[in-house]
Structure formats: C-alpha cells, structure tokens
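Engineer: Use the sequences and the hints to build the structure in full.
So you can see what is in the structure, the chains are spelled out below.
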Amino acid sequence: MTNQPLVEIKNLKKYFPASQNQVVRAVDGVSFTIRRGETLGLVGESGCGKTTVGRSILRLVEPTSGEIRFDEQDLMKLGRGEMRALRRRMQIIFQDPYSSLDPRMKVGSIIAEPLEIHSVGNRKERKDRVAELLRVVGLDPDYANRYPHQFSGGQRQRIGIARALALNPDFIVADEPVSALDVSVQAQVVNLMQDLQERFGLTYLFISHGLAVVKHISTRVGVMYLGKLVELAPAEEIYTNPLHPYTQALLAAIPVPDPDAKREAPQRLGGDVPNPIAPPAGCRFHTRCPFATERCGREEPEFKEVSPGHFVACFLHE
Amino acid sequence: MNRLGKVGLVIIVVFFIVAIFAPLLAPYDPREQMPLKSNLSTEERLKPTREHPFGQDDLGRDVLSRVMYGARISMRVGVSVVLISAVIGTMIGAASGYYGGWVDRFLSGFLFNVFLPFPSILLAIAMVAFLGPSLNNLILALSVIGWVGYARLMRGQALKVREFDFVTAARALGASDVRIIVLHILPNAIQPMIVQASLGMAGAVLAEASLSFLGLGVPPPAPSWGAMLNDARSFLRVAPQLLIFPGLAVMLTVMAFNFVGDGLREWLDPKQKRQ
Chain A
1 MTNQPLVEIK NLKKYFPASQ NQVVRAVDGV SFTIRRGETL GLVGESGCGK
51 TTVGRSILRL VEPTSGEIRF DEQDLMKLGR GEMRALRRRM QIIFQDPYSS
101 LDPRMKVGSI IAEPLEIHSV GNRKERKDRV AELLRVVGLD PDYANRYPHQ
151 FSGGQRQRIG IARALALNPD FIVADEPVSA LDVSVQAQVV NLMQDLQERF
201 GLTYLFISHG LAVVKHISTR VGVMYLGKLV ELAPAEEIYT NPLHPYTQAL
251 LAAIPVPDPD AKREAPQRLG GDVPNPIAPP AGCRFHTRCP FATERCGREE
301 PEFKEVSPGH FVACFLHE
Chain B
1 MNRLGKVGLV IIVVFFIVAI FAPLLAPYDP REQMPLKSNL STEERLKPTR
51 EHPFGQDDLG RDVLSRVMYG ARISMRVGVS VVLISAVIGT MIGAASGYYG
101 GWVDRFLSGF LFNVFLPFPS ILLAIAMVAF LGPSLNNLIL ALSVIGWVGY
151 ARLMRGQALK VREFDFVTAA RALGASDVRI IVLHILPNAI QPMIVQASLG
201 MAGAVLAEAS LSFLGLGVPP PAPSWGAMLN DARSFLRVAP QLLIFPGLAV
251 MLTVMAFNFV GDGLREWLDP KQKRQ
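Chains as they are written, first to last, in my numbering: chain A, 1 to 318; chain B, 1 to 275.
Hints listed in this document are in silico derivations from the structure and should not be mistaken for laboratory results. Glycine included, each C-beta is placed from N, C-alpha and C at the ideal position. Heads up, a few of these hints could be off.
Straight-line alpha carbon distances no greater than 25 Å define the calculated DMTMM-like cross-link-like pairs of lysine to aspartate or glutamate that follow [said to hold, decoys possible]:
id, chain 1, residue 1, chain 2, residue 2
1, B, K160, A, E62
2, A, K13, B, E163
3, A, K77, A, D170
4, A, K215, A, E8
5, B, K160, A, D96
6, A, K106, A, E125
7, A, K106, B, D177
8, A, K13, A, E72
9, A, K77, B, D177
10, A, K215, A, E198
11, A, K10, A, E299
12, A, K77, A, E67
13, A, K106, B, E163
14, A, K304, A, E38
15, A, K215, A, D260
16, B, K47, B, D58
17, A, K304, A, E72
18, B, K6, B, E266
Residues on chain A that point at chain B, a partial pick, calculated with CB under 7 Å [claimed, not checked]:
id, residue
19, R87
20, I92
21, S99
22, S100
23, L101
24, R104
25, I117
Structural biologist: Written out as structure tokens, the structure reads:
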C-alpha cells in the first residue's frame, strides 16, 4: 500500500456538442482524488455532471481535457490494449437495474461475461466462480440459470454487483446504485456494498443525487453543481459543518422521519438549475444563492482548502 | 399468433414441403412434353383431365407438376434473397447504428440514399437485363435492392439498444465492439428483423414472378410461376386454368408470408396486441 491516491483527477472537462455549435459544459474543471480503500461520495442534482465524471474515469466517455490517473498511470495516454487490461481493475454499477442486465442472457452468462472477455479460467472454473459470486452478493447460486426479468430490482442490482466483482477490481464507480430501488431495499444494497468493501478492500466512487444516501457509506463527500465541485470534505464535516450554501440547501432537503420534529426554517432553493450551455458568469450558484452579492456575479470563487481536508468554492469562506 | 398468421404458417409449410419433395410428389417431369390429341379443339386438348388435374399447357406439359416445381424456384429465390439481403443489411445497419459518427454518416447518409430512391423493381430489371437472365442473377439483383430495408431497420434497432446500460457495462468490462454487436445488440434487435424477413419473403416471391413474367427471370424451360403466367396469356380465353393455377400459387404464397409477418409483428409486440 502506498500513500498515493488510487484515483486522481485534475481539471477534468467534458463538453458535449449541442445544437448550433454550442456546447453543454457537463463537467467544467473538476479535480479530486480518491484514496485507496475509501468511499468518495459525489452528490448533486441531475444534470450537474456527476455521472459524466464517473464515466470519464472509466473512459466510457472521452473527456474533452484534463488528467485522470489511476494507480499513478495516466489513463488519457494509455493505448487500447493497455486500457483494456486496466479495465479488470475498475468497474461500474449502474442506476437502472432494468437496463443494466441484458434481457436475452441468463444471469450465469451475465456474471461470467467479464471472465470470458478476459479469458479467465475454463468453462468449469467460470461456472464455479459465478456460483461463488452469487453467494457473495447474497443470492442463490441456482439463480444462474434464470433470466433477469425473473428478479426484483434489488436482486437485479445484486446481480450487477456480482458482475462488477467478477474480476476482483480495486475500484468501483457506483452510479446512483440505489436511486431506483425501494427505500427498504436501498439500505440492504448499501450494507452489502459496505461489507464487500471491507472484505475485498474496494475503493468506491459513490454517486448519488441526495446527501442522505451517501451519508452512511462515504468517507468523504464532494458536492457538484453545474459541472463544478463546490465543496469537498470528510463525510462528518459535510453533515455537521456544511460551508457552501448549496450544500446547506441539499442537507435541508433531507426529510426527517419524525412528523413532530421542529426544523429551522428550511432554505428552499428557488428556481431551476441554469442552462449548462450558458452557465451564469461568476459563481455558478449565484442565481439561486440566498447570500449572493454583487461580487458573486462577477468573479468566480476559487476552490480552496479552508480547514484541513475541507475544500469549498465560496466567497463567504475566504 | 393470430388466426390469419396461423393459416399463413400452414400454407407456407405446405408450399415448402411441396418445394422440397417436388420430385416425389409431382406426377410427371415438369419438362416432359406429352402428346396432345390433335383431333380436338385447343380448348378440349388443354383442359383438366384425370391424368392431368390442372390440365396441360400448349406444349403438352403437365401444369400440376410445373406448379409444384415452380414452388422450388419461388422458395429458393425467396430464401436466398432474404438470407443474403438480411445478412448484409444487418451487418451494415448494425455498424451504422452502433458506431454512429462518420461511419453512420457514410453508411446511412450516403449508401442508403444511393439505393433507396430507385423504384426497386426497375433497378432489378435493369440489373438482370445487364447481367443476363438466370436464377443466380435474379437472386443477386433482388438482394442488391433488398438489403437497404434490413439495414435501415437494423440501424434503428442498434441506435436504440446501444443506449442501454448493459452495453455500457460490456464496454466497461473491455468487450470488443464485435462481441458487443453479436452478443448484445443483435439478440435484442432480432424480433423486428424476423418480421421484416417474413414480409421480405413475400416481396421476393412476387418480384421473382414479376421478372419471370417479363422474361427476365429464370430462362425457359424451367417451371417458374411468373413464366407460366406469361406463357398462359395467349390461351386466356380457351384455357384459363393455365393462368389460374400458377396465379393462385403466387397469390397464396405472398398472402401467407404477409399474414405470418403481420401475425409475428403482433405476437412479438405486446403493445399492439388486441384484446
């Protein structure tokens, strides 16, 4: 184990072409690191670019610019073959358990696919490995002969996790893995992911649209808004001492499971997320920020460390 | 499948059996010219008898045997044309839809449009006239114009299927493009292709009959339904059975494949199912 982070992203940008020579700035200069064995939660509204960040790390989308390092290798400079070999070490779990499994393949073939692609073992060994993986994710090994449509959302998500684990990866991007599940099942899947992390020493990038879900699993949490990281801090710090007004608003939006609980006047956000084709000048959040000053519309706040490990991009905390 | 589809399926099975076992089932050699009684009028000479239930043509050949052997040619043309154009169309369409970008712009933006605007039967006539009439040239001509339909359909399917997360998952696992297309895209795109193939059989059988009718299909004396119809024209008044039976064969085949195609479409697509 070295102290070098497993994943390191510097100034990542991804612009998607839109109509009439315009571009959507899905990700616009994001930098962070993920340490070995930790879970970095990445939170933000839909359209803020969090999914694009996750997929860029796996090079499922080709970034416009920036640097992505995985275990000290620059992914942007790797050739096809090298990248393919590296894919054994990084995997992804998807949000939609219905679209992530091929409906025409049996569960056994779905989980064995990574082994086949990387020519691991013979037929018998692969079959054994599939049974083992099914047990690991808490499913009956006999399910290998069934089709995905015979399972519930939670079970299907477990199948997706088994597929991601097949090659013993170091790093998994979990792209809203529980957002499509019932609340009762969400906790089970999050707990499973935590168990697996301990057991196999996994590192996660856990993407979610709400702070509530990532609370239990994250070591650190990053908050994104309109293609930029606005705050990044250890998980406890984010929940007890949120500095950015956007983070505060997200926290206030977590429902409290107690009808009598008195809450401080919640800071509701007005309006919608601005168009990422033409993001606001200055601080991107100033159009919806309750504390915005004239300066916020002119200058862009720098993303900097305000206390050890706590980064924020806001003029309120200079 | 709905009732019409089942009826169509039965008709198709019957025609395939006839086509495959024609040498065993047909009472005569379709090329054998049997003597006609010269003392009778044309009408009397050609009309159906116990020995020749569909009658004889002007050269004394048994029409029933010729219709049965004609099924061989029709089915051979249908199956060959559908197979060739479906395979080519599927490969080109899948590449076009899956890769997108400049590949798609070239294939669907340019190649499809080169073939599409021609009235297909005219293009086939021109090709056969150029290459010379023969069974293989006929199949070639019909395949060259036929693949575009499959390619367009497959492109649309590939565009749809590639957006599913299981394709992204395969890419994240390091699967090759060929593996993704063959193992993930094709199995999830095959249903509408089957419907298209069934309708394509009908189209190919009809096109073969049309071209043979025009003398651009299988050269005589091979027993093609289209050619038989053409031969029978001169005897329309005195011996309509020469026209009726091959015509009926063409009609039944084409109708049956259309029924099956529509039946399959309905059966495979639950959204269109009637109560």
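Engineer: Hint by hint, where does the structure go against what was stated? Just the numbers, ascending.
Structural biologist: The structure breaks none of the hints.
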